[in-house]
Amino acid sequence: MSTPLRACLVLACLLPLAAACRPPVRGTVITVAGSTSVLPFVEYLAAEYMHLFPDVGVNVQGGGSSAGIQAVLTGAADLGMSSRPLGAAEAAELGALPIAWDAIAIIVHHTNPVTTLTLDQVRAVFSGTAGDWADVGGRQGRVTVVTREQGSGTRGAFEEMVMRGLDTTERALVQDSNGAVREIVAADPAAIGYLSLGLVDDRVRALTLDGRPPTVEAVLTGRYELVRPFLFVLGSSPRPEVEAFVEFVLGEQAQALLAQEGLIPAAAVRGGR
Amino acid sequence: MRDERPVEMLLGLVALSTTTALVLIAVFIFIEGVPVIARVGPAQFLLGRRWAPDAGSFGIFNMLAGTVWVTVGALCLGVPLGLACAIFLSEVAPRPLARMLKPALELLAAIPSVVYGFMGVVVLVPLVRTTLGGPGFSVLAASAVLAVMILPTITSITYDSLRAVPDSYREGSLALGAGRWQTIAMVLMPAARPGILAGVILGTGRALGETMAVLMVAGNALRAPTSPLDPVRTLTANIALEMGYAQGEHRQALLATGLVLFVVIMAANSVALALSSRRAGEGG
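If you're matching them up, the sequences are chains A and B in order. Using this note's numbering, you'd call the opening residue of the first sequence number 1 and step up by one each time. Using this note's numbering, you'd call the opening residue of the second sequence number 1001 and step up by one each time.
In case anyone wonders, no lab produced these hints; they're calculated from the structure. Remember, it's a predicted structure, so these values are computed and weren't measured experimentally. Do not take every clue at face value.
Distance ranges between label pairs, derived from CB positions [claimed, not checked]:
id	chain 1	residue 1	chain 2	residue 2	range
1	A	E241	B	G1012	42 to 50 Å
2	A	Y44	B	V1023	58 to 66 Å
3	A	P54	B	F1061	29 to 37 Å
4	B	L1127	A	T118	31 to 39 Å
5	B	V1271	A	Q260	53 to 61 Å
6	B	M1186	A	T111	55 to 63 Å
A few chain B positions that, by computed beta-carbon distances, are all more than 10 Å from chain A [unchecked claim]:
id	residue
7	A1015
8	I1031
9	V1121
10	L1222
11	L1241
Note that CB positions come from ideal geometry on N, CA and C, so glycine has one too.
Work out the full structure, taking the sequences as your base and the hints as a guide.
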């Protein structure tokens, strides 16, 4: 075997080792995993936290509410993020703590003439009984319903609060993240979907429901009712570093940041629902 | 003389470990997937039209139908294109041009599927929506993306099969007065048929198994499509879509979906393998 070739082989064998050594581990690392609805907000707070405490690493991952809860159960993650309440079996072993409240907005394309619907109309559109925009006072044309996948916390909250036992139409497009739903609704003039109020941007329009606008103020006064908690899921005896991070997230500064991002602070609704 | 046995053993071990991985994956999918199929009933699982994991309904028929729609669509678009490419490269194009084009075509296989999916979402889906109607996320979009993805497989295997036909066939045919197209259609294609079939079946396997690109452009609606413009959910997309949040029986049902997929793709690949070994037998 020629020398350069041998050198290459040796290098190739060493590469994975080098990769494994790469993340500079200084101090402690906190792993957070779970709901993609909660993810962007916690990522934002984690960056803030690491800026304040450079020797702590906060590693935030997605995967979904159930995956996050599972990760805390198995010890793979220190903290879980969930946008659905814990199941009975899960609640026996884990604790859940609301870090903020999130409203669900019903969104349409920004050129859609429909700006307000009643909850009954939303239910009719999503169940497929109103399949044309003309049925709910819009321009004629088939509605493209966009929903989330089975098991998603956002979908669970939407079905519980809006559908109330009715099935979502099987024609509905199904996407596995808030971002994908927003992309489709932003591009398709006939689309309707739903996502976290905090993730609404000016490419889509959030509908007024039963005459109640989807704003943080309306949520705080209890007028806009599609609201659900964002939870941190903790094991029975979290490490002190983890507790410190939770305390930071519930603190005044972090809560103000969350409010800026469109969420409703944990304390504002506490006990209210 | 140096002792080569350690190296041989090492290589043997490495080779064995890949096969072991395959066996372990198969065993895992069977152990996790079979109980759900047994509980729901194989007929109900395969032919049931309602998929509502929250309500305990696990019927994958619509997704099976979706997989068939998308795969057949991809073959309808990809096979003629692939065969045409291979015939052109092998029989028509001047040698230097073919030597440049073939690697370029094979590079298509090196593009990650998520890039195909992204191109599909950004270019193809809006195009379908504005020119043909419907939501754009559709069988057609998924099939078109898959057709491009299976093109390298079909083209390169067909090309190799055509090249493997002895020149005496070409010369004999031409000497008998057949034209070039007559030679290609009536002599070379039949001679290369087992190889071409193997290529098509390997392409089918790839189309059946592709996940990311399909997930991004198919729309993933639960209803079985009735036209190429309808959104569709394939077996692979169903698993990828719901894996993140699935727990308990739902998770097992997704693994059972994987089991069905595994069996279908294994069958397709076995047929391809049998066909290509027949080709080898004929050549000898």
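Hints versus structure:
1. A:E241 <-> B:G1012: 42 to 50 Å: holds, 47 Å
2. A:Y44 <-> B:V1023: 58 to 66 Å: The hinted range 58 to 66 Å is violated for Y44 (chain A) and V1023 (chain B), with Cβ atoms some 45 Å apart.
3. A:P54 <-> B:F1061: 29 to 37 Å: Between P54 (chain A) and F1061 (chain B), where Cβ atoms are some 55 Å apart, the hint is violated.
4. B:L1127 <-> A:T118: 31 to 39 Å: Given range 31 to 39 Å: holds, Cβ gap about 35 Å.
5. B:V1271 <-> A:Q260: 53 to 61 Å: holds, 59 Å
6. B:M1186 <-> A:T111: 55 to 63 Å: holds, 57 Å
7. A1015: holds, 18 Å
8. I1031: holds, 19 Å
9. V1121: Contrary to the label, V1121 (chain B) does not stay out of reach of chain A, its closest Cβ about 7 Å off (not over 10 Å).
10. L1222: With a cut-off of 10 Å, L1222 (chain B) comes too close to chain A, as the shortest Cβ separation is near 4 Å.
11. L1241: The claim breaks: L1241 (chain B) does not keep its Cβ more than 10 Å from every Cβ of chain A (closest is about 5 Å).
In summary, the structure is inconsistent with hints 2, 3, 9, 10, 11 from the numbered list given earlier, while agreeing with the others.
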